[in-house]
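Undergrad: Next come the chains, spelled out residue by residue.
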Amino acid sequence: MKKVRLLSLLLAVGIGLTYISIGSLGCKGRPSSSGKDSTNTSVTDSGQTTLSPNLPYDVTIAPTDTVLQTQIRADFDLFSWESFIALNWSPDSTEIIGANGDNATVWETWKENAEVFLPDGSKPAPWNAALQQKNKVLVQVGKTPTVLLTDVTQPFLTGPLIDQNGEYTRFEIVMNEKMFDYIDNNVLYNYQGQQKFTDTIAFPSGNNEKKAHGAIMVKASWKIMGKGDDTTRFHKTRATIHVNAIPKQGVKDTTYTALVGLVGLHIGTKSQNNPQWIWSTFEQVDNAPTFNAVKDVHYNFYKAAAGNNNMNNAPAHPWNPSIPGQTPSQIVRLTPIFEGTQALNDAFHKKLIAVNPKTVWQYYELVGTQWPVHAKQSATGDPFPVYMANSTLESYIQGVVREGKISYVPGVTSSCIGCHNGATSWSGRTSDFTYLLRTASAYKQAAGNKKK
Amino acid sequence: MNLEQFAALSQVLTGYGQEAILPKLDTQHQAAEYLATLYTPGLVPVATLQLLTDTWNTISAMPQPTYEMQVKEQIMGNTELAPVAKNIIYMWFLGIWYDLTVPPGTSPNKDFVVSAQAYQNSLVWDTMGAHPMGYSEGVFGYWNTPPVIPPLHPPIQ
Numbered sequence: 001m002k003k004v005r006l007l008s009l010l011l012a013v014g015i016g017l018t019y020i021s022i023g024s025l026g027c028k029g030r031p032s033s034s035g036k037d038s039t040n041t042s043v044t045d046s047g048q049t050t051l052s053p054n055l056p057y058d059v060t061i062a063p064t065d066t067v068l069q070t071q072i073r074a075d076f077d078l079f080s081w082e083s084f085i086a087l088n089w090s091p092d093s094t095e096i097i098g099a100n101g102d103n104a105t106v107w108e109t110w111k112e113n114a115e116v117f118l119p120d121g122s123k124p125a126p127w128n129a130a131l132q133q134k135n136k137v138l139v140q141v142g143k144t145p146t147v148l149l150t151d152v153t154q155p156f157l158t159g160p161l162i163d164q165n166g167e168y169t170r171f172e173i174v175m176n177e178k179m180f181d182y183i184d185n186n187v188l189y190n191y192q193g194q195q196k197f198t199d200t201i202a203f204p205s206g207n208n209e210k211k212a213h214g215a216i217m218v219k220a221s222w223k224i225m226g227k228g229d230d231t232t233r234f235h236k237t238r239a240t241i242h243v244n245a246i247p248k249q250g251v252k253d254t255t256y257t258a259l260v261g262l263v264g265l266h267i268g269t270k271s272q273n274n275p276q277w278i279w280s281t282f283e284q285v286d287n288a289p290t291f292n293a294v295k296d297v298h299y300n301f302y303k304a305a306a307g308n309n310n311m312n313n314a315p316a317h318p319w320n321p322s323i324p325g326q327t328p329s330q331i332v333r334l335t336p337i338f339e340g341t342q343a344l345n346d347a348f349h350k351k352l353i354a355v356n357p358k359t360v361w362q363y364y365e366l367v368g369t370q371w372p373v374h375a376k377q378s379a380t381g382d383p384f385p386v387y388m389a390n391s392t393l394e395s396y397i398q399g400v401v402r403e404g405k406i407s408y409v410p411g412v413t414s415s416c417i418g419c420h421n422g423a424t425s426w427s428g429r430t431s432d433f434t435y436l437l438r439t440a441s442a443y444k445q446a447a448g449n450k451k452k
Numbered sequence: 001m002n003l004e005q006f007a008a009l010s011q012v013l014t015g016y017g018q019e020a021i022l023p024k025l026d027t028q029h030q031a032a033e034y035l036a037t038l039y040t041p042g043l044v045p046v047a048t049l050q051l052l053t054d055t056w057n058t059i060s061a062m063p064q065p066t067y068e069m070q071v072k073e074q075i076m077g078n079t080e081l082a083p084v085a086k087n088i089i090y091m092w093f094l095g096i097w098y099d100l101t102v103p104p105g106t107s108p109n110k111d112f113v114v115s116a117q118a119y120q121n122s123l124v125w126d127t128m129g130a131h132p133m134g135y136s137e138g139v140f141g142y143w144n145t146p147p148v149i150p151p152l153h154p155p156i157q
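Chains as they are written, first to last, in this note's numbering: chain A, 1 to 452; chain L, 1 to 157.
Extracted from the complex, chain L is given alone in its bound form (with noise of 0.2 Å):
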């Protein structure tokens, strides 16, 4: 799977757009942070990623407004994908590689945040209106006003 091909299943992993995913002007390079991080020997089965990347080509074969009906039917449905699809939306969305092998959560030390940067730039701050605990890029004494939740990002290209 390429870059191109991982930013956008996980566009239809996550509901964010393009420019959050694979920005066109990309300073953070998060998108191929991920990418290899599920490409690390060891992680998930070669085979496994090779049956994602069929799949997602397939899919993406079809016409656009039919993706999420088939990522949930193809990939979310299939038990051998399912736990990689959701483990690449935990990376997107909390920074963190679960153990495929044990429930998530449950394998502490096989767990691991996929860098501080990732950290720093897991979705779930952006969908609460929030920012990561010990950083922040608000503009000083943003704290006195109420969170603000951002709209949603524009729709898949």
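Bound-form chain A, shown alone (with noise of 0.2 Å):
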């Protein structure tokens, strides 16, 4: 066997390498649960579908789960509509999800990221998810451009995403305790700390034999709630708005209220069976219509008479938010929702509707679960489905069309797990599929206060 694969190995690098530029030749393109307990609030029928505040741990696939397309992809997107549901359970776990129309969440009393990573480096405040619940602050205040840019645009600096009424989408990051824990105890909170950790960074794992929850981070974008918009489809709050000044490019400093609606969450998961994390994301259901599938309907963030020519495009430059009525973002969702996730999500909707036919959470749906098949394959992991992207959070790497197909390009199409793999701390070493640790700033020693 082995001189066979030598002898092919031999033939392909002898005859081919030599004619291996690609740029010379023609590119075909190709069409291309969980451990939980149970309490006296949960909602269980006699399927799959279950309304509990109880977090799950990790997916154990079941050995009688063999088919990774549906099989296998169920038990994944099971975990993830368990996890929306109760992370957008009230945090007092007073009432069922949805019970008065729309709720206070769990995930909206955790850290955020600017509440973790302050600009001076110094050690954050002490956990206390009661303090937490505080009015929102969308867009973090900064003093640079970067922070701006970093703050209100999408990964890979793609662009901001504009709404129908010419409003920014506005984008807010958080841990759960679990995560801070680790960044508190290990000083990760600054730039220092993470120069003197030399250890692997290697975030808390949810185990589901130790009925433990690992790391969690959730990525939420709200949409400014306006014309054309019905509120009653919408998990909302009111927030404060801030857009920081940037001069240069004529952006004004500007703080006002207002009442968001939200359009995505993504939820990552770290987990013992799934190392490189479960990356689930959801979407609020009249975001974008589907590629070739457009509804005689009003979308979020995609016009039917504007046609496609703009679609999926960042907005030109400048990006000023401060600016009213700028052209909204054309966003088309590329990639169909699988239809096994489409089912799941029809069956949470039953479930949650009959609660309260008036339930704001009828109108989020799992977009996809992405995961690592082969865990200990590669860094990656062999991640499933190869491709993942959230309209709201991805919007413009969600693949390209061409003559009227769909493509997808390795490392620039929207994979969530391919991404953060890349991620780093501030001491070059990798940051277990965060970027959040990048975001922390050197400690600054109070004058006066030259002890730390």
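Quick caveat, the hints were computed from the structure, so don't treat them as lab data. The hints are all genuine.
Just some of the chain L residues that point at chain A, by a computed CB distance under 8 Å:
1. T27
2. A116
3. F140
Ranges of calculated distance between the beta carbons of each label pair, as one might list FRET restraints:
4. L/A61 x A/T66: 24 to 34 Å
5. L/T27 x A/K210: 25 to 35 Å
6. A/G226 x L/Y39: 44 to 54 Å
7. A/K295 x L/K24: 35 to 45 Å
8. L/D54 x A/N308: 41 to 51 Å
9. A/K295 x L/T101: 47 to 57 Å
10. A/G411 x L/K24: 18 to 28 Å
11. L/D54 x A/D199: 57 to 67 Å
12. A/N309 x L/M69: 51 to 61 Å
13. A/K376 x L/G42: 36 to 46 Å
14. A/K405 x L/T48: 25 to 35 Å
15. A/G226 x L/L49: 58 to 68 Å
16. A/D199 x L/N109: 46 to 56 Å
17. L/N109 x A/V409: 21 to 31 Å
We treat Cβ as the ideally placed atom computed from N, Cα and C, and that holds for glycine.
With the hints in hand, could you dock these two chains into one complex?
TA: Rendered as structure tokens:
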């Protein structure tokens, strides 16, 4: 066998590599649960769907589940929905999710990125979920344009997302207590601490056997409620919207309050069986049509009359959220939601509606779940699905359409694990699939206080 | 030729085992893509594809230890089948389909990279302990350590 392989390689290298100049060749595109406890507030039926405030720890694939595309995928999608339900449960657990239509949520009591990585690099305030139930501030206050651009734009700085009312979409990132504690205990909240930390950064993992949760981070996208928006279809909150001044770009320092509606939600869960994390992504159902399946309805980020000439393209510069009435983004979901995932969406929607027909949570759908299929095979662990994108969080890197066909580009088209595998701390070492550590500042001693 | 037949033949031709060619949990569908390429109208005469299928079916009915020898004699030793078999090897190792009507690599206008993913998944990178130019799944900083030539994959099952 070794001989055959060597022969094949020599054949290939000897003849083929001479001509492997990709630029000179035509390139054919191709279409290319969890452990949990039950509580009195849980709502269960005879099927898989359960409304419970208990976060799942990890995914353990049932021995009978052997088909990747359907059975195993369903295990992970169920984990995603259970996570979504638990994270959007009322923080005090006294009422079932959506019982009153809308409700405060657990994840919004978690620490925001800016509360952990302080501008002066000092130690963050201790975890206190009660105190963290505060007014939401969207777009972190910062002194440099980089801060503004980092906070209001999407991964890879591909550009802001503008809704049908010409308003910029806003983003925030929060982490759970396990993740916060790891950062806090290891002084990873500032530049110097990260430099001194010589161990491999490894956030706690969720574990079904130990009934232990691991690190969880949530990234959310919000749109400002305005003309044309049916506010009964959104999880809403009042937020302080802040724009940092960038004089060179004509961006003025602006602060105001607005009613915002949740349009996108990423949930990243570190787990024992999935060291590359489990990546779940949800969207508000009115965000955007699926490619070639536009319906005659109101979309948050698409207008049929605008055509597709500027589809999934970032807005033209200059980017200035202060200017009212800007040209809206024209966003289309390139990869349809998998039919099995959609069936699970329908099942959970029915369960939510049974609690309250007016629940806002019926208007959120799981777009997909990405996980490492062969976790030990490589650093990325052979993620599946290979590509996955949230139309509000990876609007412009969903893939490309050429001659009516969708094509995906490895290393460019959105893949949660593929991208986050490149995350590092300020020490230049891998940071366990989170870019958050890079937002840490250097610790600056306060005047008159030379001791840390 | 169906996917399983193609995967079994590909194992003999490449020296790579089942998990590399057609994994039980297949995220990439690389074998399926190469098989579809092989059957793209106009690339290989239908009669030749049928002969390849029939020949492989004959070989695969023999004891497994004889596969290599039989492929060498009946496929690589057959002037009609050998170019097609070599092209299958090229696809697996380089992600490229070479025009069968001329010597490999002399018809750049008709040769093509099967897909971006095929280029990324080319076995040549694994064989060299390297990664495709412009794409890596290594841990950040992997370039600071010498490349590791991976051990041979498990033999054909």
